[in-house]
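Number of protein chains: 4
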Amino acid sequence: MAIRTVVWGENVHEQTNKIVAGIYPNGMHSCIADALNSVPGISATTATLQEDEHGLTAARLAETDVLIWWGHCAHGEVSDEVVERVAEAVWSGMGLIVLHSGHFSKIFKRLMGTPCNLTWREAGERERLWLTSRNHPIAAGLPDSFELENEEMYGEPFGIPEPLETVFISWFQGGEVFRSGVTYKRGAGNVFYFRPGHETYPTYHDANVQKVIQNAVKWAHNPAARIANPTDAPNVPVDVAPEKIVERGPKLHHAGEDGYK
Amino acid sequence: MAIRTVVWGENVHEQTNKIVAGIYPNGMHSCIADALNSVPGISATTATLQEDEHGLTAARLAETDVLIWWGHCAHGEVSDEVVERVAEAVWSGMGLIVLHSGHFSKIFKRLMGTPCNLTWREAGERERLWLTSRNHPIAAGLPDSFELENEEMYGEPFGIPEPLETVFISWFQGGEVFRSGVTYKRGAGNVFYFRPGHETYPTYHDANVQKVIQNAVKWAHNPAARIANPTDAPNVPVDVAPEKIVERGPKLHHAGEDGYK
Amino acid sequence: MAIRTVVWGENVHEQTNKIVAGIYPNGMHSCIADALNSVPGISATTATLQEDEHGLTAARLAETDVLIWWGHCAHGEVSDEVVERVAEAVWSGMGLIVLHSGHFSKIFKRLMGTPCNLTWREAGERERLWLTSRNHPIAAGLPDSFELENEEMYGEPFGIPEPLETVFISWFQGGEVFRSGVTYKRGAGNVFYFRPGHETYPTYHDANVQKVIQNAVKWAHNPAARIANPTDAPNVPVDVAPEKIVERGPKLHHAGEDGYK
Amino acid sequence: MAIRTVVWGENVHEQTNKIVAGIYPNGMHSCIADALNSVPGISATTATLQEDEHGLTAARLAETDVLIWWGHCAHGEVSDEVVERVAEAVWSGMGLIVLHSGHFSKIFKRLMGTPCNLTWREAGERERLWLTSRNHPIAAGLPDSFELENEEMYGEPFGIPEPLETVFISWFQGGEVFRSGVTYKRGAGNVFYFRPGHETYPTYHDANVQKVIQNAVKWAHNPAARIANPTDAPNVPVDVAPEKIVERGPKLHHAGEDGYK
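Protein chains in written order, with this note's numbering: chain A, 1 to 261; chain B, 1 to 261; chain C, 1 to 261; chain D, 1 to 261.
It is worth saying that the hints were derived from the structure and are not from the lab. All figures in this text were calculated on a predicted structure; none of them were measured in a lab. Incorrect hints may appear among the rest.
Pairs count within a copy or across copies, as identical chains cannot be separated in the list.
[Unchecked claim] For lysine-lysine, the following DSS-like pairs were computed, each having C-alpha atoms within a straight-line distance of at most 25 Å:
#1 K185 x K218
#2 K251 x K18
#3 K185 x K18
#4 K185 x K211
#5 K211 x K244
#6 K218 x K244
#7 K18 x K211
#8 K18 x K244
#9 K244 x K185
#10 K251 x K218
#11 K218 x K18
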């Protein structure tokens with residue numbers, strides 16, 4: 001079965017900025033979804049901020065294998081309830097790919113537990129992404145480096161936890177570097193952050209960028225059945241302990257009762 | 001200068017439960033602080049849930065090198081504002097040691113980005129902690145294993161991110177195992193989670209447990225000056241880019257303006 | 001195409017010890033290979049110490065996607081040349097699964113850079129493996145824990161580098177714990193160590209153990225084309241530098257020459 | 001007590017190349033040792049390839065808290081016996097700092113288990129090192145970035161295992177990036193690789209570079225007593241198992257005997 005992918009787009013700049021609308025007449029999310037649908041084994045749809053529940057109902061997330069997130073100027077408009085719902089979906093096994101300015105999205109900061117801050121400059125400068133991990137599944141079919149002639153600069157220090165793996169590092173013409181592709185695991189969910197994608201440049205039309213996102217969808221997909229209640233902390237009563245033990249000492253709780261949360 | 005340590009205690013069971021009050025007549029926080037103050041180079045005070053701002057004002061945190069956290073039944077009563085303030089202090093360089101049922105505290109879940117759930121059983125069973133990393137600073141002076149004759153069981157799977165280092169793993173009489181000592185870094189702050197410490201047993205009177213917490217305070221202490229604004233994402237204008245570049249292409253932002261958050 | 005898997009067995013105890021021969025009349029390697037061949041998508045063959053070049057010629061390794069390694073009493077008889085050849089194959093992208101007493105094999109120590117030592121006891125005690133990472137691909141289809149009624153004990157501290165991921169932790173009846181399933185990446189090759197498998201017990205006939213090894217083969221398989229010369233350190237002459245630069249300053253090397261090794 | 005540091009230098013280029021001899025008239029190792037001795041709490045001496053046992057006798061290593069390694073053209077002349085002795089010292093708790101072309105030293109490759117290869121260019125280009133981990137002890141007192149006007153380029157992919165922490169990333173004028181400061185733990189020993197230091201440039205006279213190495217010595221120092229036999233794998237006989245068990249099932253070994261290696 002194809003990997004059910006939802007590309008979530010904030011969809012604001014496309015409606016308010018002529019340059020962005022010119023590059024992405026159907027929205028950045030549609031451009032990314034088209035690139036994914038061109039690959040056998042991936043089936044991509046889109047969702048946007050403006051839809052009811054931002055297009056991310058519980059029912060939709062339950063049928064989403066991988067969620068892709070692009071947001072920028074409207075992070076604050078995303079409802080906390082939906083953010084928590086997405087976090088639970090990730091913990092239960094949904095893959096998540098966060099793009100570019102999504103570093104400051106509520107969901108990325110929620111899952112990282114850090115500020116996710118960086119330095120930045122919008123000057124259309126050249127970016128060159130270098131592979132640090134040859135033959136990593138996310139880098140399949142890519143050369144050791146590739147260039148984007150015009151991009152926004154993001155610079156270190158990048159306020160993230162130490163990644164599970166660092167897959168790409170970017171070189172910028174203006175003199176900065178950045179960890180552009182990093183992986184994490186949160187619960188049963190695979191998380192990938194990928195830097196490129198400033199809205200005033202045609203980044204998501206770039207073949208190498210598309211290739212990374214296509215690879216990342218396959219990498220992030222966890223084919224196992226979702227974990228039903230990923231935040232549960234079950235009590236294991238004495239009589240079903242794996243080894244026979246006898247209860248002793250003072251107690252605060254009764255057998256089988258819920259713990260505090 | 002001594003490491004300025006604050007031991008934060010929820011201080012509820014000590015007031016409401018005779019068993020706990022009997023073991024810790026001055027509160028668990030005081031017992032832990034006493035153990036820390038017995039060590040040259042550490043200066044410990046306490047704070048509790050019941051104090052104004054839970055005893056964790058901005059001024060107090062600014063003068064705290066390491067914060068220790070024990071909570072259980074009243075996690076929900078900790079104000080979100082204080083939690084965010086503590087998180088910022090950690091990112092700016094304050095060390096944080098989370099004890100036992102603090103795995104479900106708001107601050108630990110906030111910094112981990114995961115459910116931090118586990119299985120549990122209150123049966124007074126034997127726990128044996130094993131070192132996985134000999135001569136780790138947190139394990140200085142400890143044998144390869146030590147026992148607590150009566151403890152609550154916490155079992156895997158433990159819903160945490162992959163630790164930076166796993167320092168201790170627990171064996172339980174009833175058949176479970178648990179990653180009992182794990183390290184993280186969040187921003188400039190060192191974070192250590194340490195499992196033992198159920199309130200109905202005299203765990204914090206145990207010499208080995210005290211030794212671990214004393215070591216952990218030294219390990220978590222970052223002597224560098226605090227980072228002033230750990231969540232800032234500064235713009236780097238073209239004219240101060242490290243390398244001389246010429247601005248080009250379309251723009252969304254004006255030079256030097258704030259980015260979106 | 002099926003994942004081409006080679007199960008390497010030391011094949012000594014099976015020839016010299018009646019108990020082992022009774023449990024594994026065709027050798028442990030054949031038992032493991034049979035379990036793998038029962039799974040669609042895996043094609044397993046065997047190789048043993050006694051064969052020419054231990055059955056691991058350069059040609060054979062070039063056509064091996066995943067190598068499984070079991071050795072115990074004859075680690076020292078494995079030729080250093082073959083060990084280095086296997087290491088290069090891993091760096092170029094071959095998966096490697098090291099089983100049980102293979103923790104002391106030349107190839108595992110070569111790839112870890114550590115002693116890989118542990119404590120041990122052969123008493124037929126009960127082992128219970130706990131998942132720490134639910135829905136990890138290596139744990140697909142497995143319960144949160146499973147038991148082996150008779151196994152050799154391996155105890156912490158286990159002298160390995162901090163794993164990329166810890167997937168299983170074992171509980172032993174005699175009181176020890178052990179990181180039983182750990183992942184690493186070495187070059188383009190995925191490496192998995194899995195603890196169970198003492199030769200005097202029927203461990204490799206156990207359905208859960210077989211499931212782990214089957215899953216691990218799929219996880220370790222890197223479908224990318226092998227990296228041709230995984231130890232090369234190419235010079236990048238000034239005239240082909242990604243950015244135009246002018247050579248300056250004193251030099252030790254001539255353009256394009258080999259570096260020192 | 002001061003941290004007893006030995007700066008090991010290959011000391012070949014200084015004897016054979018006028019440029020290098022001009023920059024480092026007493027050898028690179030002496031320049032580094034002088035910088036360390038200027039810091040309270042560090043006591044540095046030197047050792048070179050040409051000395052008996054390369055100056056690294058067992059007795060000397062037993063009294064060395066941190067070893068610094070610089071080598072380039074004569075990696076192959078370092079005796080395997082000394083390499084293994086240094087590795088054992090690291091596992092037992094000695095810190096190790098590997099500089100620049102030491103990425104290809106026998107000891108670094110031995111401890112990493114990977115090729116440690118990279119791309120390179122000797123063109124005197126500008127290097128700018130960026131901090132990725134603000135307030136990391138190794139970066140204490142350093143700005144977010146600093147420059148070396150003339151350096152050799154080292155480029156990704158760098159053939160190392162995923163680091164415990166990435167502390168510095170370099171930007172190069174010619175368009176490459178490199179993980180310039182990475183930490184590892186091997187046994188009880190802290191390991192730090194630091195990139196800068198091509199012999200034809202005055203890198204080790206640079207104040208920021210000196211600061212990094214001074215910080216790294218303090219970070220790498222493990223004050224615990226050395227582990228006596230860091231490769232031992234002791235048997236734990238049934239009668240001293242932490243929990244009372246009864247031996248059962250078939251056996252290969254007799255009680256208390258040595259395991260295979």
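- Using 25 Å as the alpha carbon limit, work out where K18 and K211 are close: within a copy, between copies, both or neither. neither (27 Å within a copy, 50 Å between copies)
- At most 25 Å between C-alpha atoms: does K185 with K211 qualify within a copy, between copies, both, or neither? So K185 and K211 pass the 25 Å test inside a copy (22 Å) and across (23 Å) alike.
- Between the shortest in-copy and the shortest cross-copy C-alpha distance, which are at most 25 Å for K211 and K244: within, between, both, or neither? Classified as neither; 54 Å inside a copy, 27 Å across copies.
- Message: Reference check for the pair K244 and K185, CA-CA at most 25 Å: within, between, both, or neither?
- Response: neither (35 Å within a copy, 39 Å between copies)
- Message: Treating 25 Å as the Cα threshold, decide for K185 and K18: within, between, both or neither.
- Response: neither (38 Å within a copy, 42 Å between copies)
- Tell me, please, which holds for K18 and K244 at an alpha-carbon limit of 25 Å: within, between, both or neither? Classified as neither: same-chain Cα gap 70 Å, cross-chain 29 Å, threshold 25 Å.
- Task: Have a look at K251 and K218 and pick one of within, between, both or neither, based on CA distance no larger than 25 Å.
- Result: Answer is neither; intra-copy 48 Å and inter-copy 33 Å both fail.
- Item | Alpha-carbon proximity context of K251 and K18, limit 25 Å | Result: close only across copies, 11 Å inter versus 66 Å intra.
- K218 and K244: within-copy, between-copy, both or neither at 25 Å Cα: Close neither inside one copy (44 Å) nor across copies (37 Å); limit 25 Å.
- At 25 Å max between alpha carbons, let me know whether K218 reaches K18 within a copy, between copies, both or neither. neither (33 Å within a copy, 48 Å between copies)
- Message: I want to check one pair: K185 and K218. Are their C-alpha atoms no more than 25 Å apart within a copy, between two copies, both, or neither?
- Response: This pair counts as both: shortest intra-copy Cα distance 15 Å, inter-copy 19 Å.
Going down the numbered hints, you'll see the structure goes against 3, 5, 6, 7, 8, 9, 10, 11, while the others check out.
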